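The listed protein sequences derive, respectively, from chains A and B. Quick note, the first sequence lines up with residues 1 to 114 if you use the numbering used here. Quick note, the second sequence lines up with residues 1 to 115 if you use the numbering used here.
No wet-lab data here; the hints were simulated from the structure. As the structure is a prediction and not an experimental result, all values here were calculated from the model. Beta carbons are placed, not taken as given, at the ideal position from N, Cα and C, and that holds for glycine. Fair warning: there could be bad hints in the mix.
[To be verified] For each label pair, taking beta carbons as the anchor points, the in silico distance ranges come out as:
1) B:115 x A:64: 43 to 53 Å
2) A:41 x B:114: 23 to 33 Å
3) A:98 x B:71: 24 to 34 Å
4) B:5 x A:66: 28 to 38 Å
5) A:52 x B:30: 34 to 44 Å
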Amino acid sequence: DTGVSQDPRHKITKRGQNVTFRCDPISEHNRLYWYRQTLGQGPEFLTYFQNEAQLEKSRLLSDRFSAERPKGSFSTLEIQRTEQGDSAMYLCASSLGTANEKLFFGSGTQLSVL
Amino acid sequence: AQSVSQHNHHVILSEAASLELGCNYSYGGTVNLFWYVQYPGQHLQLLLKYFSGDPLVKGIKGFEAEFIKSKFSFNLRKPSVQWSDTAEYFCAVNAPAGGSYIPTFGRGTSLIVHP
Numbered sequence: 001d002t003g004v005s006q007d008p009r010h011k012i013t014k015r016g017q018n019v020t021f022r023c024d025p026i027s028e029h030n031r032l033y034w035y036r037q038t039l040g041q042g043p044e045f046l047t048y049f050q051n052e053a054q055l056e057k058s059r060l061l062s063d064r065f066s067a068e069r070p071k072g073s074f075s076t077l078e079i080q081r082t083e084q085g086d087s088a089m090y091l092c093a094s095s096l097g098t099a100n101e102k103l104f105f106g107s108g109t110q111l112s113v114l
Numbered sequence: 001a002q003s004v005s006q007h008n009h010h011v012i013l014s015e016a017a018s019l020e021l022g023c024n025y026s027y028g029g030t031v032n033l034f035w036y037v038q039y040p041g042q043h044l045q046l047l048l049k050y051f052s053g054d055p056l057v058k059g060i061k062g063f064e065a066e067f068i069k070s071k072f073s074f075n076l077r078k079p080s081v082q083w084s085d086t087a088e089y090f091c092a093v094n095a096p097a098g099g100s101y102i103p104t105f106g107r108g109t110s111l112i113v114h115p
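Assemble the whole structure, with the sequences as input and the hints as a guide.
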């Protein structure tokens, strides 16, 4: 067990609905990342937080996506008006925040948009 | 922005065969390099990393990787694979991007080891 937990593990939704995912990082980790992974591809960066501050967002990230990390603890990723192209595994990772520190990944949330 | 290329997308080997997976990155400055592994049904986990010192680094389960700065490469090797090495392998680079360090991943290599 890595210590990073994500909820839910699976989410099936209809196109146009909003969905929200939660990530609980390892408690002493100040950095939290969201990645998206599709079949046959590596994790694609979405956004990251240093404590409660969202410091970087991918330019590829649609404005339908929003993330928060209130109080620098857990984080939520919301997708509004889901599209079939949003179907993917959404991964959360945390780290101590230095450049040579490894990422600890959660098991991910598999989103299917019908 | 940095990019990471993994040349072998699918590799099939028999047990005891030697393994080498290629990884090249695009960033020209100081980098931190990682190999992660994802076993079937499990989360991504670190195999090994390089950030300074000896360019030949050793990781878990007999894996090693060599950083060759002149070639912008960080290839993963194992002298003799086992069936339990069947997994997805991802190379990642952590390099400065707009004042931050954002780990960038390659598309991965699927390794199947036949017993």
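Do the hints match the structure? See the list:
1. B:115 x A:64: 43 to 53 Å: 46 Å, holds
2. A:41 x B:114: 23 to 33 Å: 25 Å, holds
3. A:98 x B:71: 24 to 34 Å: 26 Å, holds
4. B:5 x A:66: 28 to 38 Å: 31 Å, holds
5. A:52 x B:30: 34 to 44 Å: 28 Å, violated
The structure is inconsistent with hint 5 alone, although it conforms to all the rest.
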